[in-house]
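Residue numbers (the working numbering), protein chains in the order written: chain A, 6 to 118; chain B, 141 to 255.
Think of the hints as simulated: they come from the structure by calculation, not from any bench. Where is the CB? At the ideal position from N, CA and C, for every residue including glycine. Honestly, I wouldn't trust all of these hints.
Distance ranges between label pairs, derived from CB positions [said to hold, decoys possible]: (1) B:PRO179 <-> A:LYS8: 11 to 21 Å; (2) A:PRO13 <-> B:THR178: 14 to 24 Å; (3) B:ARG203 <-> A:ARG113: 31 to 41 Å.
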Amino acid sequence: DAKTTQPPSMDCAEGRAANLPCNHSTISGNEYVYWYRQIHSQGPQYIIHGLKNNETNEMASLIITEDRKSSTLILPHATLRDTAVYYCIVRAESNFGNEKLTFGTGTRLTIIP
Amino acid sequence: KAGVTQTPRYLIKTRGQQVTLSCSPISGHRSVSWYQQTPGQGLQFLFEYFSETQRNKGNFPGRFSGRQFSNSRSEMNVSTLELGDSALYLCASSPLGYSYNSPLHFGNGTRLTVT
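Generate coordinates for the entire structure from the input sequences, incorporating the hints supplied.
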């Protein structure tokens, strides 16, 4: 299954847009890109997911490049509560039956007041 | 809508004991899956239940077992606890079964410490 690569850490000023990149250069056609975030001592929180089209919900926007090899999660107006570790993962049909759901190390996003 | 609820939040056990963890999914969700999260191994899949049937199982020893009830609530049991079982155990529910276009919604987990 496709692996993802994310920068280990990022800072963003409060009120600005936070743009978190993810590379998934080996993604295949039936793999969805998912974003979760995890605040210390809590479970991962679902943010957004997509296959090939850009997606938007009340939390964030997901921009997937045309070749699907990378994506960007956008938090439009970051607040201090958005400080967390953000994980980009891919989920593949080929793993059905024994899904690993490997979150990797993610990006530690710190919102600066 | 209430989220996924896991109890207890924290648990301390000694080696050799057994433990049962509980998970109540989001109302209407029929798929419940369990994961173990440790700093070294990240998040690892344990098993998934749908309509009281175990559909998928990860690479964990038989000491790890689970079940799902008719109201979709699920329990996970670990017997003969080992020090290496210390971890955050997460439960996730999904509305449409274990589909890759269906997001998993996680609880806040049970932090198990084995001494």
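Hints and how they fare:
no.	hint	result
1	B:PRO179 <-> A:LYS8: 11 to 21 Å	holds, 19 Å
2	A:PRO13 <-> B:THR178: 14 to 24 Å	holds, 19 Å
3	B:ARG203 <-> A:ARG113: 31 to 41 Å	holds, 33 Å
Of the numbered hints listed earlier, not one is contradicted by the structure.
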